[in-house]
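A.B. asks: Kindly produce the complete structure, drawing on both the sequences and the hints.
So the protein lines, in turn, are chains Y and H.
First residue of the first sequence? That's 15 in our numbering, and the numbers climb one at a time after it.
First residue of the second sequence? That's 208 in our numbering, and the numbers climb one at a time after it.
Worth double-checking, as some hints may not be accurate.
Some but not every residue of chain Y turned toward chain H, in silico, with C-beta under 10 Å [to be verified]:
hint : residue
1    : 18
2    : 84
3    : 93
Since the hints were made in silico from the structure, they are not lab data.
Where a beta carbon is used, it is the ideal one built from N, C-alpha and C, also for glycine.
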Amino acid sequence: MFKKILQSLSKSQTAKTEAPKQAAVTAPTKAAQATSGVLNQIAKPATTPDKPKTPEELCEITPKMSKDQIQAQLKLLYRRYNRSASSLDSKIRSEADQMLTAIVTVREKNFGEI
Amino acid sequence: MAEYVGIDLGTTLSGLAYLKPDGNPEIVPNSDGERLTPSVVFFEAHEDVKLVGSAARDGGEPDRTVFQIKRYMDDPEHLVEIDGKKWTPAEISALILSKLKRDCSKIIGEIKEVVITVPANFNELARKSTIAAAEMADLKVKRLVNEPTAAAVYYAHSQGVQGRILVYDLGGGTLDVTILNVEGDNIRILTSEGARHLGGSNFDEMLLEAYAEQYSKQTGAKLFTDERHRRRVLQTTEDAKKMLSKLQRVNDTVANDKNDGIARIDLTRESFEKLIRQMLTRTVMLVEQALDSAKLKTSEIDHVVLVGGSTRIPKVKTVLEKLFGKVPKSCGNVDECVALGAAIFAKRSARIQEVCNASYGTVAMVYNARTGEEKLMNSVVIPKNTPIPCSRTQIYQTSEDNERVIEVDITQGEDEDAKFVDVIGRITLEVPPNRPKGCEIAVTFSYDENQRVRALVVDKQSGRSREVAVSYKGAGVLSEDDLKRKSAHLRTMRIE
Ligand SMILES: Nc1ncnc2c1ncn2[C@@H]1O[C@H](COP(=O)(O)OP(=O)(O)O)[C@@H](O)[C@H]1O
Ligand SMILES: [Mg+2]
Chain Y
15 MFKKILQSLS KSQTAKTEAP KQAAVTAPTK AAQATSGVLN QIAKPATTPD
65 KPKTPEELCE ITPKMSKDQI QAQLKLLYRR YNRSASSLDS KIRSEADQML
115 TAIVTVREKN FGEI
Chain H
208 MAEYVGIDLG TTLSGLAYLK PDGNPEIVPN SDGERLTPSV VFFEAHEDVK
258 LVGSAARDGG EPDRTVFQIK RYMDDPEHLV EIDGKKWTPA EISALILSKL
308 KRDCSKIIGE IKEVVITVPA NFNELARKST IAAAEMADLK VKRLVNEPTA
358 AAVYYAHSQG VQGRILVYDL GGGTLDVTIL NVEGDNIRIL TSEGARHLGG
408 SNFDEMLLEA YAEQYSKQTG AKLFTDERHR RRVLQTTEDA KKMLSKLQRV
458 NDTVANDKND GIARIDLTRE SFEKLIRQML TRTVMLVEQA LDSAKLKTSE
508 IDHVVLVGGS TRIPKVKTVL EKLFGKVPKS CGNVDECVAL GAAIFAKRSA
558 RIQEVCNASY GTVAMVYNAR TGEEKLMNSV VIPKNTPIPC SRTQIYQTSE
608 DNERVIEVDI TQGEDEDAKF VDVIGRITLE VPPNRPKGCE IAVTFSYDEN
658 QRVRALVVDK QSGRSREVAV SYKGAGVLSE DDLKRKSAHL RTMRIE
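C.D. replies: Below, the structure is given as structure tokens:
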């Protein structure tokens with residue numbers, strides 16, 4: 015049912031006719047840091063920096079969402095940002111920390127304090 | 208000679224245990240008469256000696272003292288500079304391990320091979336650095352074992368329990384949540400989740416902020432202006448935090464080092480609990496994530512086991528009790544059970560089934576034939592928590608006509624969104640010309656007991672293939688020669 019087509023992050027940057035490079039396993043690079051074409055396709059639109067976002071906006075929670083949907087969204091975001099919270103990049107880490115605070119705030123509003 | 212030895216190389220405290228002939232583990236004290244050694248190193252200026260432990264912690268010279276080095280084990284760029292010499296986190300850790308080895312071998316005899324514990328979410332560089340630290344300290348690492356696994360092994364051993372155990376380990380710098388299943392002598396890990404930068408030190412820092420605010424309110428001055436005094440106040444806030452685990456109210460006084468007067472700090476357990484509530488909610492979310500990963504409900508957990516110094520905070524217990532509807536158990540001494548479990552593990556490792564620590568996969572455009580949707584995503588081949596050893600294959604298709612070189616990115620991380628995973632390597636494979644797009648490529652990942660990962664890419668039509676060990680070879684990893692040189696040097700050092 016699923017067809018999976020390989021996409022290379024580097025190929026979209028370099029010419030396809032380039033000679034094969036030695037398979038090299040290098041230090042981890044955060045995919046987000048690459049400015050490859052493939053990643054641009056999945057990059058979210060830039061945020062407007064003028065007004066600080068509410069925790070709900072940060073977590074993309076809308077008034078129409080059911081409790082179950084909110085819970086599922088919070089779980090997904092928690093998993094994602096808990097992981098980025100251990101990034102070596104301090105910018106990613108502090109963004110993750112802000113997100114985790116927003117996630118907890120939304121959780122407390124919707125499901126009560128622990 | 209001590210045959211089965213386990214070491215808990217902790218963020219705040221480290222300990223060594225060995226297995227007695229009767230099969231029970233025991234903590235071996237250091238030469239200062241302490242069961243646990245603070246993971247602190249002090250570089251003495253006047254004498255050529257490195258102090259490790261309480262003496263280092265209480266030395267009071269922050270510029271020459273290294274605290275919590277474990278937090279940086281995964282950072283290839285982190286260096287500690289003292290007297291112009293740069294030390295890597297592995298070298299600092301080697302000093303701590305050396306002290307443990309030297310002191311404890313006076314009591315239990317020569318120590319050669321050890322099991323060392325690491326947080327479940329330690330990445331590859333951190334694991335490699337830990338092994339390098341041990342080698343520099345002239346210790347052979349039989350196995351690394353995840354801390355919560357070790358704690359659970361000890362709990363199961365000492366309490367004789369069976370069933371599903373959830374271990375909640377809240378230490379100084381990290382939280383680890385592991386769910387495992389104990390059946391007779393066999394232990395099967397079901398899942399391990401971790402949160403970095405979430406632990407007792409965060410609570411100390413939060414109290415420090417509250418102290419600083421109170422101080423400037425009452426005196427109009429700053430509580431601290433340099434690192435030395437900040438450290439001192441931080442120690443005060445840690446003491447107050449510990450008192451609040453026993454008392455409802457603590458009255459404290461603080462002063463800065465500029466004679467701006469004294470401030471009275473009135474702390475209640477209630478206000479402390481309020482301060483750390485959001486942090487504790489994060490810990491609950493990690494517990495829920497672990498339950499989700501193991502596809503279990505709270506009611507399906509037979510025992511909740513507390514590990515780590517920060518689980519002495521009463522609120523931690525009540526929060527978990529509310530969540531699980533049963534009283535969490537502490538495995539006796541929460542600071543020692545990791546080392547004790549590691550000593551048992553040294554003998555019984557064959558009966559303990561572990562899981563992959565991370566998901567591995569590649570980047571692919573995935574078409575859903577039913578819905579017509581297409582999405583560029585991180586396509587996981589081996590999901591996290593698959594029992595190891597294991598091997599998994601996924602079939603992909605080439606994206607272009609006449610594609611000569613297939614490139615497969617190797618990703619680490621479970622997020623579908625490729626922005627939130629690490630690309631840790633790439634395999635390139637040259638294939639025959641003039642083929643249409645859509646040729647099948649098999650990508651196989653295999654994972655061994657030591658958490659080593661290999662990736663194999665096979666072009667089905669031509670049979671050409673390429674295999675690589677997925678391993679971190681980047682910055683921060685010492686060469687064999689460097690390692691030998693450094694361990695020889697370390698052996699000549701005076702470490703007390
Ligand atoms: N009685 C207590 N109440 C609250 N926190 C405590 C208590 N005793 C120890 N801690 C905290 O536990 C942490 C150390 O726990 P430990 O499990 O040894 O950590 P690690 O494994 O990270 O070295 C420190 O932050 C310490 O302040
Ligand atoms: Mg610990």
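A.B. asks: Next, verify each hint and record whether it holds.
C.D. replies: Checked hints:
{"no.": "1", "hint": "18", "result": "4 Å, holds"}
{"no.": "2", "hint": "84", "result": "13 Å, violated"}
{"no.": "3", "hint": "93", "result": "6 Å, holds"}
Violated hint for the displayed structure: number 2, the only one.
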